[in-house]
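Undergrad: Chains as they are written, first to last, in the working numbering: chain A, 735 to 1026; chain B, 735 to 1026.
Just so you know, the hints here were simulated from the structure itself, not pulled from any lab data. Because the structure is a prediction, the values reported are computed rather than measured. Any given hint could turn out to be false.
One copy or any two copies: either way a pair holds, since identical chains are not told apart in the list.
What the hints assert, rightly or not - Cross-link-like lysine-lysine pairs, in silico, DSSO-like; alpha carbons within 27 Å at most:
(1) 969 to 994
(2) 969 to 893
(3) 788 to 932
(4) 879 to 791
(5) 774 to 969
Number of protein chains: 2
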Amino acid sequence: MKIGVIGVGLIGGSLALSAREHIPDVELYGSNRSAANLRKSIDLGLIDQPLEQKMIKQMDVILLSIPVDTALSRLSDLLDEINDNALIMDFGSTKAAICEAVALHSKRGQFLATHPMAGTEYSGPAAALPDLFTNKIQILCETHKTRPDLLEWAQNWFKKIGMNLREMDPVEHDQHITYVSHLSHISSYMLGKTVMEKEKDQSTIFDMAGSGFSSTVRLAKSSPNMWIPIFKQNKHNISDTLSQYIDNLNNFKTLLEAEKFDELHDQLLEINGIRQILEGISETTNNKENGK
Amino acid sequence: MKIGVIGVGLIGGSLALSAREHIPDVELYGSNRSAANLRKSIDLGLIDQPLEQKMIKQMDVILLSIPVDTALSRLSDLLDEINDNALIMDFGSTKAAICEAVALHSKRGQFLATHPMAGTEYSGPAAALPDLFTNKIQILCETHKTRPDLLEWAQNWFKKIGMNLREMDPVEHDQHITYVSHLSHISSYMLGKTVMEKEKDQSTIFDMAGSGFSSTVRLAKSSPNMWIPIFKQNKHNISDTLSQYIDNLNNFKTLLEAEKFDELHDQLLEINGIRQILEGISETTNNKENGK
């Protein structure tokens, strides 16, 4: 089986490692807009050889793991080029635009839109990890539009990797992911910006980062090449959610300045409920051990 | 040597574990406003027995690890009570108010104000960790006001635990810590609030949390009992820094809505410099590998 990875970075490279481990006799081809990173992905054993344009039609599966704007602009042409039994999957953080772009394509059945809930703040082939997807959620969109045999192959592979599959409407996906991912990235970027502006002494940031900053600012290390296209495609959801975040911060500031500490205490106590949600425990069994 | 831990929680309990490991023949006494947690701290072996009020004068060292408001209100009385060779140290996240409160106390030399750059989002004795302070920064304030023999003992113990000592003026401490810790906590609390308001489906938060949310929202699990007094004592610094954070978020939103993506890209690229700062690499050697 021949798999072509377009964009052998953190996600594409980790997918390549997972393919090598779980798919017998797989041959891995890859491309990268950076020649240096392409060489590195061969040196690291992520792929066997470069994926040239003319080889697209020989691939059984194409994994599209490039920024969401270039993925969007290339998908239709790639569908035109692949052979009639090949499957293309994308792994981007927005799903509405890409699903809409190929909705009427004659080869729509050969495409599967996915979004793995996995990643790190690092990018490039050297950031690829063999177990990046183990026990992670893989979101699949519009599975009814993918040809059943190709869908089944993809689902089996993801399950072998250890992923838990969940179906979601692409428009709903883009809303949900705004809350839990895109907003987190913006809050983290702006936190990094604020601290770098206020704190001119870098050694003090370094010395004191263990007090909470290092985890909240982690995502501010993420590549703008990946994130700007996401913010662009998901602009309306992000703008709306960002407004609410800013409102909440302004409200906190007003309560603080008015010294309404009882009200703030109750608010924070309610927010503590996020612990149970993250641990997968329903609200009804909340154990408010931090009770006032 | 007799050590009394007032507030055997995450910090006090971890200090007790470190004392037991590094101080020969130590006897550990402790108190807790919760009787259940006091019993738990004995069961867990953090302390040997309860610290009663009448035993204060028998202690060689008192570790004050309670919320910053109660620490502030109790410190003067405790100084009155201890014997003439005992040392009291506090470990709170604000330093200006407590240093000011005892500035003129006749036993000022028997107090040392500290703030360890260590912690987790959990609280209570069960959250105590034996290696919480290993390789962490310990901030000491106004060391020239502490009696040299008592200061030396404290410094030696912290070094034995594996901490790196740094001196800081208490007023400057409260400014620096606002940027790297207090703002992080507020941004995380308000992120948790926003997501809980927008996303009514808890299972979706749970499923998608791996996409960035879990690390940015980690601090939102922190106890309001600890944090409200900190916000109260450090109100002015926090209000000022929060304003700048909100300004940066509003500016991001304006650029997003105006589709000024090149400007946003440059901004995020600059923020990526936080990676080098967190790794302790100076700005001059920045390797902007995410170049556009």
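Undergrad: Let me make sure I understand: some of the numbered hints might not hold for this structure. Which ones are they, in numerical order?
TA: Violated hints: 2, 3 and 5; rest satisfied.
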